[in-house]
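Those protein sequences? They're chains A and B, same order as listed.
Sequential numbering of the first sequence, starting at 4, is according to my numbering.
Sequential numbering of the second sequence, starting at 440, is according to my numbering.
FYI, nobody ran anything at the bench for these hints, they're computed from the structure.
None of the values given here were measured: they were computed from a predicted structure.
One thing to keep in mind: the hints can contain errors.
Some chain B residues close to chain A (C-beta under 7 Å, calculated; not the full set) [stated by the list, open to error]:
(1) 519
(2) 644
(3) 645
(4) 673
(5) 802
(6) 803
Result set (EDC-like, lysine to aspartate or glutamate): computed pairs, CA atoms no more than 16 Å apart in a straight line [as the list claims (entries may be wrong)]:
(7) A:154 with B:770
(8) A:154 with B:772
(9) A:84 with A:316
Each residue gets a CB set at the ideal place from its N, CA and C atoms; glycine is no exception.
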Amino acid sequence: MSKNKSEYLINRHDNQYEVVIGLEVHAQVTSQSKLFSTSATKFGAEPNTQVSLVDAAFPGMLPVINEYCVKQAIKTGIGLKAKINKRSVFDRKNYFYADLPQGYQISQFKDPIVGEGKVILDMPDGQKEVGIERLHLEQDAGKSIHDLDPKNTFVDLNRSGVALMEIVSKPDLRSPDEVNAYIKKLRSIMRYLGTCDGNMQEGSLRADVNVSVRKKGSKEFGTRCEIKNVNSIKFMQMAIEYEANRQVDLIEDGQTIDQETRLFDTKKNETRSMRSKEDAHDYRYFPDPDLLPLEVSDDFIENLKSEIPELPDEKKKRFIEKFKLSSYEANILVSDIETSNYFENVIKKSDVKLATNWIIGELFAALNEKNLEITESPISAGNLSKLINLIKDGTISGKIAKTVFEQMMEGDKDPKKIVEEKGLKQESDPKALEALIDKVIDDNRDKATEYKSGKVKLFGFFVGQVMKVSGGKANPQLVNEILKKKL
Amino acid sequence: MSDITEQSLSELVENIKSKKLSSSEATNAFVQRSEKSKELNAYITEDYANALIKAKKFDEKPNLNLKLPGIPMAVKDLFCTKDLRTTAGSKILNNFVPTYESTVTQNIWNEGAILMGKLNCDEFAMGSSNETSFFGNVQNPIDKNLVPGGSSGGSSSAVAAQLTPITIGTDTGGSIRQPASFTGTVGLKPTYGSCSRYGIVAFASSLDQAGPMAQNVKDCALLQEVISTYDEKDSTSIDFKRNEYSKELTKDIKGKKIGIPKEYRVDGMPNEIEELWKKGIEYAKDCGAEIIDISLPHTNYALPTYYIVAPAEASSNLARYDGVKYGFRAEGENLIDMYEKTRSEGFGAEVQRRIMIGTYVLSSGYYDAYYLKAQKVRKLIKNDFDEAYKKVDAILTPSTPSSAFKIGEKTNDPVSMYLNDIFTVPVNLAGLPGISIPAGHDAKGYPLGLQIIGKAFDEQNILNIAYAMEEKINFKKNITDWWIK
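Chain B on its own, in the form it takes in the complex (with noise of 0.2 Å):
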């Protein structure tokens, strides 16, 4: 048997039912690891004396029938978590201890899992480095400079690390998919209404979804099977035939049709990632696809469409964080003055900046010219994707314009940092469901990513061709643990 914690999910959870290992012996190892790798600052709050005392009661009475047998793992901290703080990556959440659970993390512990601490991430989820955290930067084990992407910057870092076998996240615009990238791991962003958003932090409601992040594409699926419920604690979940994912998987693709849009060759785009996108192309067509070029005219529109919808539901999602109820609260003279303080100091610039946006696209005068016609191009964008999938099953493009960039590179220049997003955005913007694989490096060794969209609930399917495209990609990790001493 390999070392613990450089064995994937299903090498796990079947050790532990063969009982070859105990939870406690798992929990403990990914605990040792998680403590020596402090340096990458993955973790916001840490809450492995529970996790090894849950592990110890699991071995104690194992219920082996579980998806995942006494498997540790750690959080996005954007998933509330009873009695454990969650803080979102935000100082006005600082003293935030949920007495509640989100419907995705309970479905994991009903499964059998154990809480090992919450990760850090993006304020609010907003961010594409991890760098707006109040909790600071993390960084990516490719290499100590290197941003691990964001918002769930701390569930790539800790999974590409193996702190944590595998991990959720959320993504509104690209917050699983361009980390895992970054990070040359597997993250799944569900289609819209598959996985709750009870409990979970609002960024963008029309827009959030929770999703797996893993070392590989099994690992991946089996998380998403146990995360998607329907939820009537959530009115835009949907009741769906939800499969079982892991064990439907396939790597038999032969005949499916995979769309390459034109749209996706932007400007500027390092020819690194066109090399990358002709590589995934000829990996797909190995496995007997079918390779159409498709056009989705309406691609441009989708970054500045996104950055209307997403901040103007984000000011108003964000307005309960007043200082009244709960959080941070800075002492006023009055009212107006204790919001003001509150506010100001509660959360950071980036947070402030959306949430100015947001407030200003809804503004009276000026909604109709920007919320409501970004509403309109949203549906022309999804409409794109419904004419495209009257010719084809999926769409690979790759997952980011470029590979990891340096911590700080991007800090003063939110509009480069946003084009970070520009591929993953319209999966959003559409609700479908869009996974990221590894698929290569570029010249600095950076780990590369390509993307596979899927249709409306068609998990299985983008997870089937990622599955076989896996094999043929064969991607090496090349992660020295620098940062343990």
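So here's chain A without its partners, still in its complex pose (with noise of 0.2 Å):
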């Protein structure tokens, strides 16, 4: 647990406070069709394109539970090793507005289908266990649109419908460190599980956030507030910092908290109060009569185990065993689905440690400059794989092998191409190498002799010298041995 130097505490003339946060993510299931419906899901489609009659909630028309939706919930649950549910209830939370056509949400409020599981985060202290409380499926509603006219407000129903996960954290989280680990490794697992694409922008993933402070050493918790809908984890952590200061000024002014729920005004920087607890919503929960209670057997349950992939926890875990990676080189491959298959795919064929250095180090470097996501790389595995066998063999150093590095990252050529093109082959042949050292000590007579005198700095000017009258190429391992024998 991290209970030293990177604790979160906010300071007030005397007092320590420490801050509770719990998250409540809204993550949508990675479904071709929506949670009762067959009308398909694709972002950015034009506005009502994507509603069936169902959605549209027309008189009669009835919800079918789509059994990949369920799939993917409880492979997500497997995911966050929670309890499955054989039995769940799906309900209604009624409220009115105009991008919920039914009249109510078809949710599940008692029984979901998912109950306690946890989530592990590699924090630079050590791990965290941050308790999952529960998962639920559910739908989105629509969207309203209100500044295409001063007077109507639009409607757009292809969200509505679509099927949610509400993942339900403990208060377990503390700073919002914990909160930007907590959701980069959710979204992580979903990522490796398929469930979800975790895409912040599409609004595949935002929260709930629930904040609270208290004195630290206290083990009450304080009143909560919840910020509705964030949709970044920047966001998250701006709101999280702006709400704990508040309640904390709050405190110490002698005044209370109101339980409330509060918005997230990313332009100002601040929450603002939305509705309070008297005006919370009474959505009048109850079973949906038009839906059986959901069953699932033993036997569902384990088939879906057998299609877990390796999540990152046991993948990080070989890592470190198998390839002996540091947890932090082993953290950096595991974090995303897609790095970790690419690393894989580039120690097939070659070295682990220098394709861990390559891959963390030049690669990850070259990508964040072009602002490129791991998948859209210019250079494949099988050319980084080749490039490092080049290193490896000796074929070129690993100066050289930045240049050519740089070359695939203009295109994804062969590594081997652009050395033999470029004649950058390293130069390991001892007569050659001789005859140039002989060279450059010749030239350099003045300064041999005050290296044979004592002077034994001199030495690494003899390096650079060949180095660069052989433009790079010499083999600085041989250079080095044969320059100690000829001074």
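Build the complex: two chains, separate frames, hints provided.
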């Protein structure tokens, strides 16, 4: 547990406050069709082109559960090491809004499909376990568009009925950094599983953030405020910082905190009251009589378990044990399924240590600079593997490899061809090197004499000269050996 | 051949199959009679011209292997019919034309029947007299001043008055059986899950069930055979082996054990009803059935339970009628104002009452005391039946505690109106099949019905018992065509 230097505390006068955070993450289920209808779920379609009679709540239309979405939720539950409930119930959450055609959202209230689970975070000072309270399936609402017309609101029902997983954490998070790590880990697990693409720009992953503060050492929770619908990690962190400080100020001022729902204003970087507890909706939850309780068998769950790929925690463990990676290296390489796939493809035919360094170092830096994802990398895993082998077998030096790498980034060229075309092959012939070195010593007689009289620092100068004369192609190791002998 | 509109469904089918009668002749006859019967106000929407065109088409290439070859019929206006206005008896859907067809009606058209129009009903099927319809009262062909029952009042009136040879209604708390009883016709409420609810305007989802209404038991069996199918589009539809009810229909019910529940002898029940029940017991014995006294101890709680569960579901089901997407919209200052005006003007008083009751019983702080408790009682009521069915094959009760009442008689007394469903409501709560058959008349000459309740999925058995008793009862209709001038 993180109880040391990275502890996040708010100091006011003589008091230290701890921040308690719980998240309700809404993750869109990766699925071709909606939770209770056959309409498509593609992002960015023309408004109201992916709407069935069920989604628009026409009279007499009935929901039919999409089995694939159920499988996705259970898989996610397995990924969260959670209890899968063999019997769950869909309830209606009743409220009126223009983009909620049924006048209720079908959700799961008392009996969710997934129960308690956990997520392990790798924090700089060690691992931290965050409890999962539950995961349930629910429908998304449509979208109200208020700024297209001065008087009217437009409604787009494409999202109406899209399957969401609401993943509720326990109030185990203690800092904005932990929230960052938690969201990233959750996203990573779901992307490994293929159950949510985690695309925050497209709204596939958003969260309601519950924040409270308490004096350090206190065992009781303070009154919490819920910040609704925050759609980026950065905003979550900013909202938490603002909100925690606001609450601390109130307490220090002798005031109490009202339990309420708040909105985060991303422009002003502040949270604002949306509705108080008294104004909270009475959702009149009750079991949806159009749907029978959802029952799944042990076999059904077991079959899904067999489809679960190796997840980040297990993969990390394997990378450390099998490839002798450091925990830091393994964390980076397993954080994203695409990265770990890339890594594993590279090391199929090349040295692990070199591959690790090249991916984490050069490749990530280059991709970052070009703002590319690993899936968009101009250098294929196969060609990076070839480059590493050229280094490993001494064909080129690490330095030359960087030049080759740069050229590979311009287009996925075979590094062997680049080396051949540009004549970048490393000079490892001792005779050729000796000739070179003799010439360098000859040209710098005075310095050679100084070296012999004890100025050993000058050795580096000679290596540099040799490399320069060779155009960087001389094998540095051999240069070292021969130089020592000759000097 | 007797007058076409006096023929039963079975006779019409036989005559069309033997080419003694064309679909056009049949359709024309029922259309003509419907045209002359506007005073009954049985129809909300007529589609006669299209019906005649469809009949002509059928005759051009008749498929006589179908179960309802070229048979004209009108249906309750709660079933969504493609391209034909569907109102549910409400102003809020006054202009609503579905682009889709309910599964039940689709099954009917698939067997060759032809739609003549949409029949009046209580608004969103909430009522026992058809007086809550936005489209006005329906008259009972028995007597100008009598209600036809409800909510399938247009359907019962139309069948009794022979404006349609058969029809379909929906039954949430008695809405098929009570109007059948009030008009001297036969009405079957099938087991919950027997007929698809897809495309039926929902009232209370856990109770709603479509069913046939007809002149006699045999016609009822044939129509049930057509409408009852497993449907993947309705998650509560049940995949069980369905009989060919009309083919397997038999009057041989010897040795069948029929239960008589003592709790159905309610206070203030007219003597005539008690007498009718006794007569019913004798008829059943005459048919060879064995009569056994049984107890359904939670019967008393059925009505209050129903009036929590049904309004709760209705309050949520009717939330979609908000003026945003389709149907009636009243203009408002803002969204909330538009909602309030639309729903205040679009829904009638009884619907608003039930939405309020339902909203109340589901609200936080009351949910446990009302809704949850009602669900528990519902389970007890179902258990009562399960226990009884260990001893008997079916249960015989009166269909209603009285004969048809006068238009306006109970409109200001909702509780007295609700009491009308006292014998039918437990059947819906338990999800069982029940059939009402005409069994006699009261002193005023108004028809009275008996109800036979069956085990789940045992429609065949109650149809058989009804079929056998129907013959013994030999009910005589006394309808004069007073409304035809």
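**Request:** Double-check residue 803 of chain B for me: the hint is only fine if its C-beta lies closer than 7 Å to a C-beta in chain A.
**Result:** holds, 5 Å
**Request:** Take the C-alpha atoms of residue 154 of chain A and residue 772 of chain B, compute the straight-line distance between them, and say whether it is at most 16 Å.
**Result:** holds, 10 Å
**Message:** Would the hint on residue 645 of chain B be counted as holding, given a Cβ-Cβ threshold of 7 Å to chain A?
**Reply:** Nearest chain A Cβ about 4 Å off; hint holds.
**Asked** Was the hint right that residue 519 of chain B lines chain A, CB cutoff 7 Å?
**Response** holds, 5 Å
**Asked** Measuring from the C-beta of residue 644 of chain B to each C-beta in chain A, is the shortest one below 7 Å?
**Response** holds, 4 Å
**Message:** Hint validation: residue 673 of chain B versus chain A, beta carbon distance must be below 7 Å. Holds or violated?
**Reply:** With a minimum Cβ separation of about 5 Å from chain A (threshold 7 Å), the hint on residue 673 of chain B holds.
**Prompt:** Does residue 316 of chain A lie within 16 Å of residue 84 of chain A when you go C-alpha to C-alpha?
**Reply:** Within the cut-off at roughly 11 Å; holds.
**Message:** Can you verify the interface hint for residue 802 of chain B: is its Cβ closer than 7 Å to any Cβ in chain A?
**Reply:** It holds, given that the least Cβ distance between residue 802 of chain B and chain A is near 5 Å, below 7 Å.
**Asked** Does residue 154 of chain A pair with residue 770 of chain B here, judged by a C-alpha cut-off of 16 Å?
**Response** holds, 13 Å
Of the hints listed earlier, there is not a single one the structure fails to meet.
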